[in-house]
Each structure stands twice: as C-alpha cells, then as structure tokens.
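Asker: Below are the chains, spelled out letter by letter.
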Amino acid sequence: MSRATQRKQQKRKQKQWKDRQRRRSSSASKPHLNARHRDRLSRQKPRAWNGERPEDVAVFDDRVFASLPKDMASHVRAVREALDMAGQLYVDEAVARVANIPRSSLLSDWRLLVRGLASWLNRETEAASACWARLDPARRPGRIAGALMAAHRTDLETIPLPSNESPHQGHSGDLHVDWGQRLDKQTLFAAKLVRKVRIDRAAIRVAEAGTAKREGPRDLLVGPDKLKWLVKFSADYRPTEPKLVAALHQAALARAFAQPYVDVFATATKSLPGPPHDPNNSLLSFFYHSARDSSTTDRFLKNYLLNDLPHNKSLSEPLRNALISQVHLNEARQNIESAGTGFASMFAPRPDKGEIEASLRRSINSYPANRSAHKARVDWIESQLEQVDGGKRERQRWETRLLEAMTAWSHGLPDDTEPRLWLVDHYIENESLEEAKPHVDWLSASRHDEPKVRCMPWKWKLLEAMQLSRRKATLSDVTDRLDAADELWPAWLPKDWLAYLRAALLLRRGDTEEYEQSRQAICREREIVRDSLADSCMMLGAAQRMRVTAADLKPLREPVDGAVKNLKTLADDELMEVGTFYWDLHRVELHYPAYRSHGSKFGKEFFSRIKERPRMIQQLVGDERFVATILWSSDHRFWGSGYDFPVPVELKVAAKHHPKIAAALVNGCLKLRYGWSIKREHGVEKEFIRQQAASQRDPFYRSWFASLADEMDESLEERGGGEFANSFAGFGDMFSSFMNEFRDQFDDIDDDDDGALDCDPTCPCPKCQAARERSGSTHRRIDTPF
Amino acid sequence: MNKIADPLKTLGVPEGASEEAVRLRYLELVKQFPPERDPERFREIHTAYEAAKDPLVIARRLLEPPDSDAPPRWSAVIDEQKEEPPALGVDLLLSLGNCEEDHAEARDGTEERDATEERDGL
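For the record, the sequence lines run as chains Y and S.
In this text, residue positions in the first sequence follow this note's numbering: the first is 1, and each later residue adds one.
In this text, residue positions in the second sequence follow this note's numbering: the first is 1001, and each later residue adds one.
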C-alpha cells in the first residue's frame, strides 16, 4: 500500500473516531427526554384554582372534603370511589356507584363525567361526547371531558386556540359540541398528555422496534443484549405502561425458559420480576432445573415454599395455601411414581415412605379442602396395605393411617360422600355404632343423587343385622333388621342374596331343619342347582356375614374350595353367575371374608377364557351376566398389575356400542395407578358413557356413568400437560409398556391385589392357620370383619 | 352433566388468564346472558366462573410451567397489549381539569419531541 493511501486511511479513521466522540458527548449533555416525560407525569396532580367550587375540590382534597355537609360528603365519596374504579377499568361498577346521585345535586356533573368516561374508556367517543355535552365547561368535570375528547385529535400540535383564552363559557346544552372551542392552553396541554400516554403510546412503537432487532443466531430466542434492553425499557415505561412491561417480562422469561442456555436463564430470572405468584422466579427456576440438573432443584422449591410464598402479600391467603398444598401434593406424587411398585421397584430406589406421608400431610394441612390430596393419601395407604408383608403390627399401622386419612377427608370436605361411606362401614365392622351414626344420619339426610348414598338407610339396617348376629343375646333382634332392610331394598339391586341371609340366620340360631328347607326353597325359586358355584358362594358369603360358627361354615366351604381346585371344569355360565353376584356386592361394598381368597381365582379364570376365545365376547355381549362379570373384573383392573391394561381388542370394539362395557373400560383405567397415556386413549369411551348417562333407566348406572366420566376428566386434568407432569406420565408409561411386552414371562407370579394372604382369614383349617401364622396377621381389612 | 368441563374454555379465556381477566370476562358474559333471559346459559357461566376462581383450580394452573415447545412471539405479546390501553390513574385524570397556568408544563407541552424514540431506533 502506498504512503498516500496509508495517510488517507489514517485520516479517515481519526475522523470516524472524532465523530463517535462528538456523538457520545452530545447525547450525554441532552437530558433524557423520556425521563422528563416521566417526571412530568409524576408531577401531574390535581390543583384547585382560585374560586373553584368546594364540592369539586373535595373530590381530591381531604381537608375540603372533611368540611362538607354529610349528604354532600356521601356523594363526593361515591364520586371518589367511582373514579378509582374507572381508573382500574371497572367501568360498570363505576357507573353504578354514582347512579344514585340525583340530577339536582351539585355533584351531578361528576356523575355525567363518570358515565361518559365509561364510554370513552370503551372507545365509544360518540357516546362519550353526547354524555359530556351537558357538562359545564367552566367546572373541573367539563375541563376533564374537554381534554379527553381533544386527545383524539391528530392536529394537537397545530390547532389554534380560541381567541378568548378563558374557557369559562356557559354551556349551551347543545349535544353537538365543538370540543375545539372549549380548549385553552391548559386543556390543550392535558389533551397532549393523554394522547401521548393512552392513544399514541410511544412505548408500543419502542417495544416493536426493540424486540425486532436480531441478536445472535436464529435459534436464540432471547439473549443478554435483549435482556439489557428490556431492563432499560421497563425503567422508562413502567410508570405509564405497567401491563405492557409485565407482558414483555413474562415473554422474555418464557423464551429464556425454552432455551438450553443456563447463563441467559439465570440473567433473565435475576433481572426481570416474575408473575405475581412467583415474583422471584424461584418456581420457574425449579421447573427449569428439574429438566436439567436435579442437584440444584430442591433449593429453588424450598425457597419458593419457605420464603417466597409466605411473604407474598399480592396473593390472597386461600390462594397461597392452595399453592403450598398443590406443591406438596406434586412432591408426594413425584416420590410415589419415581419408585413405582412391583417390577418397577427392581429398578428404582425404594421410596421414602415417611417423606411421602409427610408431603401428603403437609398438602392436606395447608389446604384441607384439597380433594386430590385426600384421594392421593388414601390411594397411597391402600397401595401399602396391598403390599404389606411385615405382619400384623405393620398392617394395623397402615389401617390406622387409613382411618385417619378418611377422617381428615371427611373433616376437610364435609360434603363428600366417599369418606363418609367408608367410615360407616369401618365403624360398624368395628362395633363403633355411635361413631357411625352421625355419618349415617348425614348421608340419609343429604338427598344426594348418588344411589350408594340414597341406599344408606338400607345398608345401615343390613349392617346392623350382621353386627347383631355376633352375639346370641342379640340374635332375636336380627329378624326385624332384615325385615327393615327388605322394605328399604334398593330397586336397582337384585334381592337374591336376602334369602341366603335369612337362611344363614336360621343356621346361626341352630334351626338346622328350617335352614335346610330354606335352602331347598331358594334353589326351587331361583331354579339353580344346590351347591352350584353361585349358590355355594352366596351361601358361604351370607353365612360369614351372619357370623355362623366355624363348625357350620365348614360344609359350606367345601363346594367353593372344590370349585377353586377344578377351575377348568367350571362352565362359563357358572362363572358368569358368580360374577354377577360379586358385581352386586362390589356396587354396595359388602364383601365377605372368604371372597379375598377365591374371588380373584374365578375372575381370572373367566377372563383368561375371554382372552383365549375372544369370539365369546361377541356371542355373550347381550347377556347381562357377562356384562356384570366384565364390570366386576374392571374393579380389579381386569386382573392386571396396575401398570398394564390387559383388555382384548374385541372388548374395546364392543365398548363402542355397549355403554356398560365402555363404563367397564373407563372404570378399569381409573383403577390404574399409572398409565396416563392409557387413560387418554379411553377418552372416546368416557365421552360415550357421559352421553349415555341421562338415558339409563337404572339409577345406579345413570349416576355411575356420569361420575366415572367426571372422575376420568379430573384425573387427566390433574396430570395436565407440560414437562413437569409429563415426566411422571412418561415414567409410568415406560413401565406400562415394559409390562405389556414381558407380561407372558411373569404370568406365573401372583401379583393379585386381593391381599397378601392366600387363605380365608377366618378358616380354622391347618393350611389357613399356617398361612396366618406366617404373616402374623389376625386382623383383616375393614371389609373382612372376621 | 359434565361438571368437570374446562371452566376457562366455557368462559372463553386463555389458559394463562389472570384472576382479573377471568372476572372481567365473566361480567361480560353475564351481560350477554343474564339469568332472566337465558337461565341455562347463565347457570353454565356462573358454574364455570365459580370453578375458575377456586383457589385450587387457579393454583394448578399457576403451577404449570411455560410451554417450552411454543415460546411466545414478541409480536403476539405486543399485539395483545395494543388492545389494552393503559389505565388512567385518578390523580392524572383529575389533573386534566387543572386551570392554573404552569409555564414549565405549558412549554413542555408545545415543544416536546420524543428523542428517545429516535435513539431507540425508530
């Protein structure tokens, strides 16, 4: 390069540097014009002029307000409150607040101002103009109206002021006002201010320009420069455009959240305030780091729960408590689902049961009306009871917790029927009739639509009869109770079992001859074979519930035990008959002790036949006994593990046209502990039964279909979307598909959820006694009182 | 009847709607469907509003993290805010009726230009 060229380049660089320096110093010397605008706005206060009416001054001056007579003061108070409401955009409330100010009142102009303001704020300038035409332009309301109407003009910079600069003209009452004639210097200034703040909105143009500037690579949603700009923008415009600033903050935080750049996220959360429920962005940080690095996650959540929420006065106390409750519930769910049960526990760490229990308690204590928390706690305890292998003491501990959980639920949500129904059963089985009575009375008086609640008086009589059968001294009272139960028997429940209960009472009393006659009469009337599967199960069940002695129970067990040993020889009809009986017992939650040992065997046998010969489904779908057996199976998740859903395709096809089969699928889904994707797959059946509910003649199904659909919606809604919830669903789904793939290999393993004991808890035979000694259990679950 | 239908969908407000937005929308709908004119629809709206303002329902909504698959666009956020002009504070509103001459204010009112806009790239 020649020397001349070098010199030219040097001179050019020097000139450029000098220009830069000059620009910097010139911008530094000029005052920040937006700061001036901010200062001006902050100085905008109402000031009374000499001779202004006291009732007008009283609207903003407390000393003048205090000197007003009472009736005028009440109108002024109304005006103040209305202006406050209008300022917060509660325009209808504002108009209503001043509606009682009469036309004759000196404050009537203010009433007109508020009415017109409602229209002006809704951009109905014609209506506002018509309303304000009647205002006295010499008074403050008239001047305010003049400024507001003039603000819509686009020629404010060039408009000539009227020759008479005093605006104190009497108003003609003409509805067609030339608002330009009402301008003076002050109202013109005020109009320009309103235009700048509310109509031109410079902040919008600045925001559009600022956010449009490209920064870094295309996939960078927000970077450090944009964040710096946003902080500056917020300082400039927050006083006049708080909502715009807040919206841009939330957008920036959401964009930083969606990026993998931890440093940018950290900058965003430190420099921008979060939403009202998370002003320090602790919760957002928890979500962000949950997906990336679990080691730092806990401190954000702890900070949110222990520091942020308790001190957050912008939230109402109920909302604060609800947030705390829901966070603890999510924590508990995370712990429960991350460990899993059964095969999942082989691969996952053992859950800290104490922590889960503590999280659930904290959730309930924070917000006792959190139904999901109560349900989660009950579900958790019931799952532990299913797995208990530690003996009597451990079982009793869990049963005590279950009682506490149900009691807490009933206290927290007194109108919920589920815990009360459970408590009635529990107290009666444990002979605490006094504790049960308040719940029975409440349920009976509740006029609840649910059939299980409406039949409470019937169930009470039946349970009383069963309880009185314990002692010979009270046996004489049992017949009355059975008669009363007969009178109250629900129309939707078959009455076949009542005859067996009466027969069992005869056996309990020692009236063996009458008992035999009774048995024969039952078989004649029902046209069934004595000691067939259904007959023997119904008799055994009745005898156990009516406290028949062990010696008399022994011959009743034999046909049932025989059937269990020869499952393959049982006819399909027999299995469906007993399935129908068990479905009825399930509907009213009245089981007998031995059910736990043989019920599932009959169910699994029948279901395995369906899977082997799926054509049976098509052939039998019109048979109510088949449908009842499917419904009964659904209560046991179709004999699956809780992770899988072993339903043949043909059943799903049948569900499209058969509402009870559809209900069975939905019911089975709801019993799954995990498998949210499975639940979502059965959305079609859920909607089908919701539509069919109203047309069901049977009141039980009419109510049950609707509540199943609602429960499924609730279950899916609580899991929701988003990474936080989906992470649990994903984990559960992973094991669900694992189970589906390897189910055949694990078929031999009995993961029967009917209980840890494979025996009748009240049977005196050596085999059952040995099984009980091994488990150390002598006291069974609440539905097995013996 | 479906008591679990999304209350926000029934009211026609977006997922992230604040308590305030839900309340304003409810008032709008009640005006359109007052109980004496359309009792069925009013009952539906009222039930949805009661559910939407339930603290637990609000809490569950607030505890949903942002959708990282669909971060908000700047332009969409600004367009939404264009429809919501800022409120006028009571002091500002009442001061529009001032009558005393303040020379400094009057001068600023006629000469002001927003150089900030130029500096910020307009």
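Check each hint, because a few of them may be wrong.
Said to hold, decoys possible - Facing chain Y, a subset of chain S residues (Cβ under 7 Å, in silico):
id, residue
1, 1029
2, 1030
3, 1032
4, 1033
5, 1034
6, 1035
7, 1051
8, 1055
9, 1062
10, 1063
11, 1066
12, 1072
13, 1081
14, 1087
15, 1089
16, 1096
Calculated from the structure, these hints are not laboratory results.
Glycine included, every Cβ here is placed at the ideal spot set by N, Cα and C.
Asker: Each hint needs a verdict: does it hold in this structure or not?
Answerer: Going through the hints against the structure:
no.	hint	result
1	1029	violated, 13 Å
2	1030	violated, 10 Å
3	1032	violated, 13 Å
4	1033	violated, 15 Å
5	1034	violated, 13 Å
6	1035	violated, 17 Å
7	1051	violated, 11 Å
8	1055	holds, 4 Å
9	1062	holds, 5 Å
10	1063	holds, 6 Å
11	1066	holds, 4 Å
12	1072	holds, 5 Å
13	1081	holds, 5 Å
14	1087	holds, 5 Å
15	1089	holds, 6 Å
16	1096	holds, 4 Å
Checked against the numbered hints given earlier, the structure breaks hints 1, 2, 3, 4, 5, 6, 7 and satisfies all the rest.
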